[in-house]
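Asks: With the UniProt record's numbering, letter number 16 in the sequence shown gets 16, and the count goes up by one each step, no holes.
None of these hints come from the bench; they were simulated from the model.
Idealized CB from N, CA, C, for every residue including glycine.
Fair warning: there could be bad hints in the mix.
[To be verified] In the SDA-like style, the derived pairs of lysine to any residue whose C-alpha atoms are separated by at most 20 Å in a straight line are:
1) Lys294 <-> Pro274
2) Lys294 <-> Lys337
3) Lys34 <-> Phe145
4) Lys291 <-> Tyr306
5) Lys250 <-> Leu235
6) Lys291 <-> Leu265
7) Lys34 <-> Lys170
8) Lys337 <-> Ser326
9) Lys84 <-> Thr60
10) Lys34 <-> Leu139
11) Lys170 <-> Ile114
12) Lys34 <-> Ala143
13) Lys337 <-> Val351
14) Lys34 <-> Lys337
15) Lys34 <-> Ala119
16) Lys170 <-> Val109
17) Lys34 <-> Asp149
18) Lys84 <-> Arg318
19) Lys250 <-> Ser239
20) Lys170 <-> Ser111
[Claimed, not checked] FRET-style restraints, in silico, Cβ to Cβ:
21) Trp287 <-> Val352: 43 to 51 Å
22) Glu324 <-> Gln285: 50 to 58 Å
23) Asn372 <-> Ala181: 46 to 54 Å
24) Gly325 <-> Glu52: 35 to 43 Å
25) Leu139 <-> Gln285: 28 to 36 Å
26) Val351 <-> Asn372: 32 to 40 Å
27) Asn304 <-> Lys170: 35 to 43 Å
28) Ile242 <-> Leu349: 56 to 64 Å
29) Asn58 <-> Ser326: 41 to 49 Å
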Amino acid sequence: MLSYIRVMISTLLSFPPSRASSRHHDSINLWLVKWLVFRLMFCSGVVKLNSECDTWWNLTALDWHYESQCIPTPLAWYAHQLPKWFQRLSVVLTYVILIVLSILFFAPVRSLRIFSFYAQIFFQLLIILTGNYNFFNLLAVLACFSILDDEHIKFIFPSWLGKVKRYLRKYAFMFTIGTVAYWTLLLFDLRFSSKQIIHSKISKYKIWTSSFNYCDFFMCLLQNLEICLLKGPLLFVCSRCILERGILAKIWSLLQWAVFSFAALGMFAISLVPYTDIDYNTQQQVWPVIKRWKQQTDFLELVNAYGLFRRMTGVGGRPEVVVEGSHSLEGPWTEYKFLYKPGDVNRPLPVVAPHQPRVDWQMWFAALGSYNHNP
Numbered sequence: 001m002l003s004y005i006r007v008m009i010s011t012l013l014s015f016p017p018s019r020a021s022s023r024h025h026d027s028i029n030l031w032l033v034k035w036l037v038f039r040l041m042f043c044s045g046v047v048k049l050n051s052e053c054d055t056w057w058n059l060t061a062l063d064w065h066y067e068s069q070c071i072p073t074p075l076a077w078y079a080h081q082l083p084k085w086f087q088r089l090s091v092v093l094t095y096v097i098l099i100v101l102s103i104l105f106f107a108p109v110r111s112l113r114i115f116s117f118y119a120q121i122f123f124q125l126l127i128i129l130t131g132n133y134n135f136f137n138l139l140a141v142l143a144c145f146s147i148l149d150d151e152h153i154k155f156i157f158p159s160w161l162g163k164v165k166r167y168l169r170k171y172a173f174m175f176t177i178g179t180v181a182y183w184t185l186l187l188f189d190l191r192f193s194s195k196q197i198i199h200s201k202i203s204k205y206k207i208w209t210s211s212f213n214y215c216d217f218f219m220c221l222l223q224n225l226e227i228c229l230l231k232g233p234l235l236f237v238c239s240r241c242i243l244e245r246g247i248l249a250k251i252w253s254l255l256q257w258a259v260f261s262f263a264a265l266g267m268f269a270i271s272l273v274p275y276t277d278i279d280y281n282t283q284q285q286v287w288p289v290i291k292r293w294k295q296q297t298d299f300l301e302l303v304n305a306y307g308l309f310r311r312m313t314g315v316g317g318r319p320e321v322v323v324e325g326s327h328s329l330e331g332p333w334t335e336y337k338f339l340y341k342p343g344d345v346n347r348p349l350p351v352v353a354p355h356q357p358r359v360d361w362q363m364w365f366a367a368l369g370s371y372n373h374n375p
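Please put together the full structure from these sequences, using the hints given.
Replies: Here it is as structure tokens:
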């Protein structure tokens with residue numbers, strides 16, 4: 001999908017306007033990048049709850065993550081030694097950053113978008129420090145820059161109106177962050193003891209008529225995350241096209257808006273098929289014609305499904321495959337040591353990102369599977 005978006009953003013496909021300000025459709029193209037980043041982050045958070053994995057629902061996933069991941073870094077050992085209450089709080093923050101704050105990518109308040117950007121960058125940096133995930137996190141950080149606006153393009157407001165606007169943004173920012181903090185404390189039952197220990201769990205707090213559980217989680221998604229994120233940007237860009245001076249400028253801007261809106265709507269539509277993989281019932285509500293469009297364009301690989309660490313692996317201990325060789329069937333057998341994957345517990349862990357050692361990665365997958373599927 002990213003390659004297709006880069007083509008749309010490219011100036012080679014932009015109709016040559018007479019003025020830079022008439023290229024209002026650029027915001028539609030950049031919205032597609034933001035939609036891609038949103039799907040990556042949001043789905044990575046939702047699938048953890050969707051899988052109904054006990055470690056994710058009990059907030060114990062990080063008790064195993066640092067030691068069971070593919071190629072840990074030296075800092076992963078220290079992260080694994082952190083107290084249990086801190087590990088549970090970290091899982092809570094993972095949900096908040098990936099699910100809740102990713103929705104703020106589309107917030108009309110600029111400060112909220114900037115806050116969500118830095119939250120995602122902070123999350124990605126923590127992953128880089130504790131795990132070798134090759135170039136993935138660097139690409140995620142780069143894509144997150146689409147959340148920020150262009151500092152060189154600003155609207156000019158009268159002084160009093162600009163002051164009112166700043167106050168409204170400030171209060172909207174504090175209200176939104178306060179609401180997120182309130183529901184985080186409530187739904188995850190965060191409590192602080194006299195021993196300076198934080199206790200947390202998935203709360204059974206009654207929300208209106210039901211408790212916060214798997215079913216209510218997805219009902220909340222269906223009711224509050226309506227497929228309308230694209231309507232606002234399209235209508236906003238359309239209004240700016242209409243406000244162009246001169247009839248020819250209006251027609252030219254609206255023509256560009258129509259072309260790029262059509263392309264953006266098409267990408268948005270077919271991306272709903274892999275996006276709704278997080279819940280079977282939701283995917284069944286996608287129109288059949290959209291599913292056909294997705295199948296017809298599969299060879300182009302325009303869209304993909306996302307969702308990292310759906311279920312926590314290595315619970316109870318890290319599985320490893322040991323490869324041994326000998327010049328004789330009678331032995332002696334000698335263990336083959338890999339350059340990067342964990343083996344000898346006395347050897348320090350490596351830092352290899354952004355390099356991806358393919359063989360070491362495949363050995364990790366082999367240890368999680370059966371020898372029948374890994375000849």
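Asks: Would you mind marking each hint as holding or not holding in the structure?
Replies: Each hint, compared with the structure:
1. Using a Cα cut-off of 20 Å, the hinted pair lysine 294 and proline 274 holds, with the two alpha carbons roughly 9 Å apart.
2. With a C-alpha separation of about 44 Å, the suggested pair lysine 294 and lysine 337 falls outside the 20 Å cut-off, and the hint is violated.
3. Restraint check for lysine 34 and phenylalanine 145: the C-alpha separation of about 9 Å stays at or below 20 Å, so the hint holds.
4. About 17 Å separates the Cα atoms of lysine 291 and tyrosine 306, which keeps this hinted pair within 20 Å; it holds.
5. Taking the CA atoms of lysine 250 and leucine 235, the gap is near 15 Å; set against the 20 Å cutoff, the hint holds.
6. Our distance criterion of 20 Å between C-alpha atoms is met by lysine 291 and leucine 265, whose separation comes to about 14 Å.
7. With a CA separation close to 23 Å, the supplied pair lysine 34 and lysine 170 exceeds the 20 Å bound.
8. The hinted pair formed by lysine 337 and serine 326 meets the criterion: a straight-line CA distance of about 14 Å does not exceed 20 Å.
9. Taking the CA atoms of lysine 84 and threonine 60, the gap is about 8 Å. The hint holds against a cut of 20 Å.
10. Distance restraint check for lysine 34 and leucine 139: the Cα-Cα separation of roughly 13 Å lies within the 20 Å cut-off, and the hinted pair is therefore satisfied.
11. Of the supplied pair hints, the one linking lysine 170 and isoleucine 114 holds, its CA atoms being roughly 13 Å apart against a limit of 20 Å.
12. In summary, the hint linking lysine 34 to alanine 143 is supported, as the alpha carbons are separated by about 8 Å, within the 20 Å threshold.
13. The straight-line distance between the Cα atoms of lysine 337 and valine 351 is roughly 17 Å, inside the 20 Å bound, and the hint therefore holds.
14. The hinted pair formed by lysine 34 and lysine 337 fails the criterion: a straight-line CA distance of about 43 Å is larger than 20 Å.
15. The hinted pair formed by lysine 34 and alanine 119 meets the criterion: a straight-line CA distance of about 15 Å does not exceed 20 Å.
16. At roughly 9 Å between alpha-carbon atoms, lysine 170 and valine 109 fall within 20 Å of each other, so this suggested pair holds.
17. Taken as a hint, the lysine 34 and aspartate 149 pair is honoured in the structure, with Cα atoms around 11 Å apart against an allowance of 20 Å.
18. With a CA separation close to 19 Å, the supplied pair lysine 84 and arginine 318 stays within the 20 Å bound.
19. Between lysine 250 and serine 239, the direct Cα distance comes to roughly 10 Å. Compliance with the 20 Å bound is thereby established for this hinted pair.
20. Taking the CA atoms of lysine 170 and serine 111, the gap is about 8 Å. The hint holds against a cut of 20 Å.
21. Tryptophan 287 and valine 352 have their C-beta atoms about 44 Å apart, which keeps the hinted 43 to 51 Å range intact.
22. The hinted window of 50 to 58 Å between glutamate 324 and glutamine 285 holds, with their beta carbons roughly 53 Å apart.
23. Taking 46 to 54 Å as the suggested C-beta distance range, the pair asparagine 372 and alanine 181 conforms, at roughly 49 Å.
24. Distance hint for glycine 325 and glutamate 52: a CB-CB separation of about 42 Å, consistent with the stated range 35 to 43 Å.
25. Between leucine 139 and glutamine 285 the beta carbon distance is about 31 Å. The supplied range of 28 to 36 Å therefore holds.
26. For the hinted restraint 32 to 40 Å between valine 351 and asparagine 372, the CB-CB distance of approximately 34 Å keeps it satisfied.
27. Taking 35 to 43 Å as the suggested C-beta distance range, the pair asparagine 304 and lysine 170 conforms, at roughly 38 Å.
28. About 59 Å separates the C-beta atoms of isoleucine 242 and leucine 349, a value consistent with the hinted range of 56 to 64 Å.
29. Roughly 44 Å separates the CB atoms of asparagine 58 and serine 326, a value that falls within the hinted 41 to 49 Å.
Checked against the numbered hints given earlier, the structure breaks hints 2, 7, 14 and satisfies all the rest.
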